[in-house]
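Visitor: So the chains spell out like this:
There are 4 protein chains.
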Amino acid sequence: MAGYSGTKEDYLKRLRRIEGQVRGIARMVDEDTYCIDILTQVSAVTKALQAVSLGLVEDHLSHCVVDAARASDEAGEEKVREAADAIARLVRS
Amino acid sequence: MAGYSGTKEDYLKRLRRIEGQVRGIARMVDEDTYCIDILTQVSAVTKALQAVSLGLVEDHLSHCVVDAARASDEAGEEKVREAADAIARLVRS
Amino acid sequence: MAGYSGTKEDYLKRLRRIEGQVRGIARMVDEDTYCIDILTQVSAVTKALQAVSLGLVEDHLSHCVVDAARASDEAGEEKVREAADAIARLVRS
Amino acid sequence: MAGYSGTKEDYLKRLRRIEGQVRGIARMVDEDTYCIDILTQVSAVTKALQAVSLGLVEDHLSHCVVDAARASDEAGEEKVREAADAIARLVRS
Numbered sequence: 001m002a003g004y005s006g007t008k009e010d011y012l013k014r015l016r017r018i019e020g021q022v023r024g025i026a027r028m029v030d031e032d033t034y035c036i037d038i039l040t041q042v043s044a045v046t047k048a049l050q051a052v053s054l055g056l057v058e059d060h061l062s063h064c065v066v067d068a069a070r071a072s073d074e075a076g077e078e079k080v081r082e083a084a085d086a087i088a089r090l091v092r093s
Numbered sequence: 001m002a003g004y005s006g007t008k009e010d011y012l013k014r015l016r017r018i019e020g021q022v023r024g025i026a027r028m029v030d031e032d033t034y035c036i037d038i039l040t041q042v043s044a045v046t047k048a049l050q051a052v053s054l055g056l057v058e059d060h061l062s063h064c065v066v067d068a069a070r071a072s073d074e075a076g077e078e079k080v081r082e083a084a085d086a087i088a089r090l091v092r093s
Numbered sequence: 001m002a003g004y005s006g007t008k009e010d011y012l013k014r015l016r017r018i019e020g021q022v023r024g025i026a027r028m029v030d031e032d033t034y035c036i037d038i039l040t041q042v043s044a045v046t047k048a049l050q051a052v053s054l055g056l057v058e059d060h061l062s063h064c065v066v067d068a069a070r071a072s073d074e075a076g077e078e079k080v081r082e083a084a085d086a087i088a089r090l091v092r093s
Numbered sequence: 001m002a003g004y005s006g007t008k009e010d011y012l013k014r015l016r017r018i019e020g021q022v023r024g025i026a027r028m029v030d031e032d033t034y035c036i037d038i039l040t041q042v043s044a045v046t047k048a049l050q051a052v053s054l055g056l057v058e059d060h061l062s063h064c065v066v067d068a069a070r071a072s073d074e075a076g077e078e079k080v081r082e083a084a085d086a087i088a089r090l091v092r093s
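Chains as they are written, first to last, in UniProt numbering: chain L, 1 to 93; chain Z, 1 to 93; chain P, 1 to 93; chain H, 1 to 93.
Pulled out of the complex, with its shape left as it was, chain L reads as follows:
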């Protein structure tokens, strides 16, 4: 089971809102809205997605990494390495 199930409804709600925001940006493009206003909206969606990522990282550390650290040295190391790679992709995206 994944580490975020306690707040699953919350993630689903946030992702549905983001989906609606992306649809709103498409509508702005379709209606020839001024570029700067579209850019502002794209930045807002990017920030919302980042907040989802940061929540997932924290949930992952709290559950999967902590559990693995308790199970064995090897399991802990493997999960830390995997989490660090995901964090690196996040920082670089």
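Simulated from the structure, these hints should not be mistaken for lab results. Quick caveat, the model's predicted, so the values are computed rather than measured. Among the hints, a few may not be true.
Claimed, not checked - Short, incomplete list of chain P residues facing chain H, as computed with Cβ under 10 Å: (1) L15; (2) I18; (3) E19; (4) V29; (5) D30; (6) D32; (7) Y34; (8) C35; (9) V42; (10) V52; (11) V57; (12) C64; (13) A71; (14) A75; (15) I87.
Every residue, glycine too, gets a C-beta built ideally from N, C-alpha and C.
Given the structure of chain L, go ahead and fit chains Z, P and H onto it with the hints provided.
Guide: What follows is chains Z, P and H alone, placed relative to chain L:
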């Protein structure tokens, strides 16, 4: 008229794809997919949104800023300031 | 001549401060400071460098891009393309 | 003791190189180097600082978080929360 109308269809296609990817992430959460795999997908969507932003910035510079620079000193300065603010929001998001 | 000479002293002052902050981080590492405190300091330096970049982008748009837009279509396009590439590197770094 | 001492020399070497690069950027500004070339150099330094941060995060997870997870639930939770906050600052910087 906005500065990106020549490639409007291209932006709409990319935004529809991003909308579908966000819906896919919601599905992954709903099916308890492993957090790291969801994070990878969220990073991909963030990168796709960034590419849209960078395209909009370039279109804006090519059309609105260049036209304003030719119209008058004040118009040029105003558009440069506005573009610089949008770029700052983008870099910080 | 570069587009930022009016505020050259300001940039030099900020860069000297950043250099001192990087030296401070090395000292923190050398003295085995707690990792989280070092991370906070590295984030502060990254933000300061970003502010320098955003200032340079705005100066570049105000001077080089605006001048090129007035000189000719080709010169304008070339400078816009070059600026857009630099902004993309900035957003992705 | 901090979680990165095994590779302390490596961090110090990287930070000294970054300090030299920042000094190089100041020299470029002083010599009126073309803005785009300075921006490229600033992006390189930002990336180098990010790599230092990501190394520190991984070291922190491997040592402090793993040790705390084994010590007690409360200690684990506290370190995870602190690490998540530092990662959020990093992603937003």
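Visitor: All hints are to be evaluated individually against the structure, with a verdict given for each.
Guide: So, going through the hints one by one against the coordinates:
no.	hint	in the structure
1	L15	holds (4 Å)
2	I18	holds (5 Å)
3	E19	holds (5 Å)
4	V29	holds (5 Å)
5	D30	holds (6 Å)
6	D32	holds (5 Å)
7	Y34	holds (6 Å)
8	C35	holds (4 Å)
9	V42	holds (5 Å)
10	V52	holds (6 Å)
11	V57	holds (7 Å)
12	C64	holds (7 Å)
13	A71	violated (16 Å)
14	A75	violated (14 Å)
15	I87	holds (9 Å)
When the structure is compared with the earlier hints, violations turn up for hints 13, 14 and for no others.
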